[in-house]
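Please arrange chain V on chain S, whose structure you already have, making use of the hints.
Chains as they are written, first to last, in the working numbering: chain S, 77 to 151; chain V, 8 to 248.
These are calculated hints, taken from the structure and not from any lab test.
Just so it is clear, the structure is predicted and the values come from calculations on it, not from any experiment.
There may be inaccurate statements among the hints.
[Said to hold, decoys possible] If you want the ones that stay clear, here's a sample from chain V, every Cβ over 12 Å from chain S, calculated:
#	residue
1	16
2	17
3	53
4	57
5	67
6	75
7	80
8	93
9	95
10	158
11	159
12	168
13	204
14	208
15	229
[Stated by the list, open to error] Part of the chain S face toward chain V, derived, beta carbon under 7 Å:
#	residue
16	87
17	97
18	102
19	104
20	106
21	110
22	113
23	124
24	125
25	127
26	128
27	130
28	131
29	138
Backbone N, C-alpha and C define an ideal beta-carbon position, used for all residues, glycine too.
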Amino acid sequence: MRLAVSAVVGVARFLYGFVVGDDWTVALAILLALAATGLLVTDHISAWWLVPFVAIFMTGFSLRRSARKRGPASF
Amino acid sequence: MTGAGVVLLTTFLASSVEAIEMVIIVLGVGAARGWRSALIGAAAGFAVLAVTIAVLNVALAAIPIGPLRVIVGALLLLFGLQWYRKGIARVAARGLAGMGEEAVEEEDIPASGMDWVAFVLSFKGVLLEGLEIALIVVSFGLAAGQLGLSVVGAAAAVVVIGAAGFALKGFVTRIPRSLLQLIVGTLLTSFGTFWSLEGLGVSWPQSDLDIVLLLVVYSLAAASYITLERRRIHETALEAA
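Just chain S, same shape as in the assembly (with noise of 0.2 Å):
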């Protein structure tokens, strides 16, 4: 049972390093531009930029962040 728990919550840890990482507003801006995008696309709206935008806007967001947080040596 110990070993089922365990591998279940090793499995969500490798999960949402992999999907989230270090910084949850990056995933949840991306996941919302991609569902925009869904909604644009629905309505024959061309959206191909949104996700790119947005990943980079985000890009810079975290770096920014990030620097604020721990200083140009923690890199």
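Chain V in isolation, oriented as in the chain S frame:
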């Protein structure tokens, strides 16, 4: 060129495009995180693919490839962005220097045993691209009435591109780790963006060529962020002095 030649060449070229994407992912992941787990992941992807093809055969055409692209693409995009961001920060802070053993511990790559991140990335890349190759074979082969030749064309593409990737292995391994992390992050982010949006129904004007456009856009953005980060690090150092 005969009809058989056209079928062979068309399936070879169409499959080559998918095989290049497959090999780039395995090559990048292997060089950045270790070859053993990446190659085991690729082999597992091929095994699942072989079983799927054997069981479904020509019914493969009925597989809903759209939702699969969205799931695999979104996962690659989310993971690729983590490496993209870390690669930018590390190249800005340390330049193109290799990061050595310290980085291995920092990135939580296991020193022994299976690295499941490398396994999953390779597995998904091989499975999705392999399924796309299988769909090319089935749809084109059935339409042309030359299923056998289609299989030969696709298999030849996978062998040729795979061999080219293997030949590049030594070169890729010599790239500094910080830069390699940024390159692989950019590649995974570009493929992930392309596949997830394609799965959602976005029609790319130049088809697979738009992956190159995404690569250029993400690379330019990375170069801009590296410049900004370096400036910020320099200013912080001046303030501290």
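Hints and how they fare:
1. Interface exclusion of residue 16 of chain V from chain S stands, the closest Cβ pair being 30 Å apart, more than 12 Å.
2. Its beta-carbon lying about 27 Å from the closest one in chain S, residue 17 of chain V satisfies the requirement of being farther than 12 Å from that chain.
3. Interface exclusion of residue 53 of chain V from chain S stands, the closest Cβ pair being 22 Å apart, more than 12 Å.
4. Its beta-carbon lying about 25 Å from the closest one in chain S, residue 57 of chain V satisfies the requirement of being farther than 12 Å from that chain.
5. For residue 67 of chain V, the shortest C-beta to C-beta distance to chain S comes to about 25 Å, beyond the 12 Å cut-off, and the non-interface label holds.
6. For residue 75 of chain V, the condition that its CB be more than 12 Å from all CB atoms of chain S holds, with the nearest at approximately 15 Å.
7. Here residue 80 of chain V does not stay apart from chain S, with its beta-carbon only about 9 Å from theirs, under the 12 Å limit.
8. Residue placement check: residue 93 of chain V does not keep its beta carbon more than 12 Å from all beta carbons of chain S (closest about 8 Å).
9. The beta carbon of residue 95 of chain V is not kept farther than 12 Å from every beta carbon of chain S, the shortest such distance being approximately 6 Å.
10. For residue 158 of chain V, the condition that its CB be more than 12 Å from all CB atoms of chain S holds, with the nearest at approximately 33 Å.
11. For residue 159 of chain V, the condition that its CB be more than 12 Å from all CB atoms of chain S holds, with the nearest at approximately 35 Å.
12. With a closest Cβ-Cβ approach of about 26 Å to chain S, residue 168 of chain V is found to remain outside the 12 Å limit, as its non-interface label requires.
13. With a minimum CB-CB distance of about 6 Å to chain S, residue 204 of chain V fails to clear the 12 Å threshold, and the non-interface call is violated.
14. In this structure residue 208 of chain V is not separated from chain S by more than 12 Å, as the shortest Cβ-Cβ distance comes to only about 4 Å.
15. Annotated as non-interface, residue 229 of chain V brings its C-beta within 12 Å of a C-beta of chain S; the closest such distance is 8 Å.
16. The interface hint given for residue 87 of chain S is broken, as the beta carbon of that residue sits about 9 Å from the closest beta carbon of chain V, more than 7 Å.
17. Against a cut-off of 7 Å between C-beta atoms, the interface hint on residue 97 of chain S holds, since the closest Cβ of chain V lies about 4 Å away.
18. Evaluation of the residue 102 of chain S hint against chain V yields a held restraint, the C-beta minimum of about 6 Å falling below 7 Å.
19. Given the 7 Å rule on beta carbons, the hint for residue 104 of chain S is violated: about 10 Å separates it from the nearest Cβ of chain V.
20. Taking 7 Å as the C-beta cut-off, the interface hint given for residue 106 of chain S holds, the closest approach to chain V being about 6 Å.
21. Residue-level restraint check for residue 110 of chain S holds (minimum Cβ-Cβ distance to chain V is 6 Å; threshold 7 Å).
22. The closest approach between the C-beta of residue 113 of chain S and any C-beta of chain V is roughly 6 Å, which is under the 7 Å cut-off, so the hint is satisfied.
23. The closest approach between the C-beta of residue 124 of chain S and any C-beta of chain V is roughly 5 Å, which is under the 7 Å cut-off, so the hint is satisfied.
24. Taken as an interface hint, residue 125 of chain S does not check out: its beta carbon lies about 10 Å from the nearest beta carbon of chain V, beyond 7 Å.
25. For residue 127 of chain S, the interface hint holds, the least distance from its beta-carbon to any beta-carbon of chain V being 6 Å, beneath 7 Å.
26. Interface hint at residue 128 of chain S: satisfied, since its Cβ lies 6 Å from the closest Cβ of chain V, which is below the 7 Å cut-off.
27. At its closest, the beta carbon of residue 130 of chain S sits 10 Å from a beta carbon of chain V; the interface hint therefore is violated under the 7 Å criterion.
28. The restraint placing residue 131 of chain S at the interface with chain V holds, with a minimum CB-CB distance near 6 Å, inside the 7 Å limit.
29. A hinted interface residue such as residue 138 of chain S counts as satisfied when its beta carbon comes closer than 7 Å to some beta carbon of chain V; here the least separation is about 6 Å, so the hint holds.
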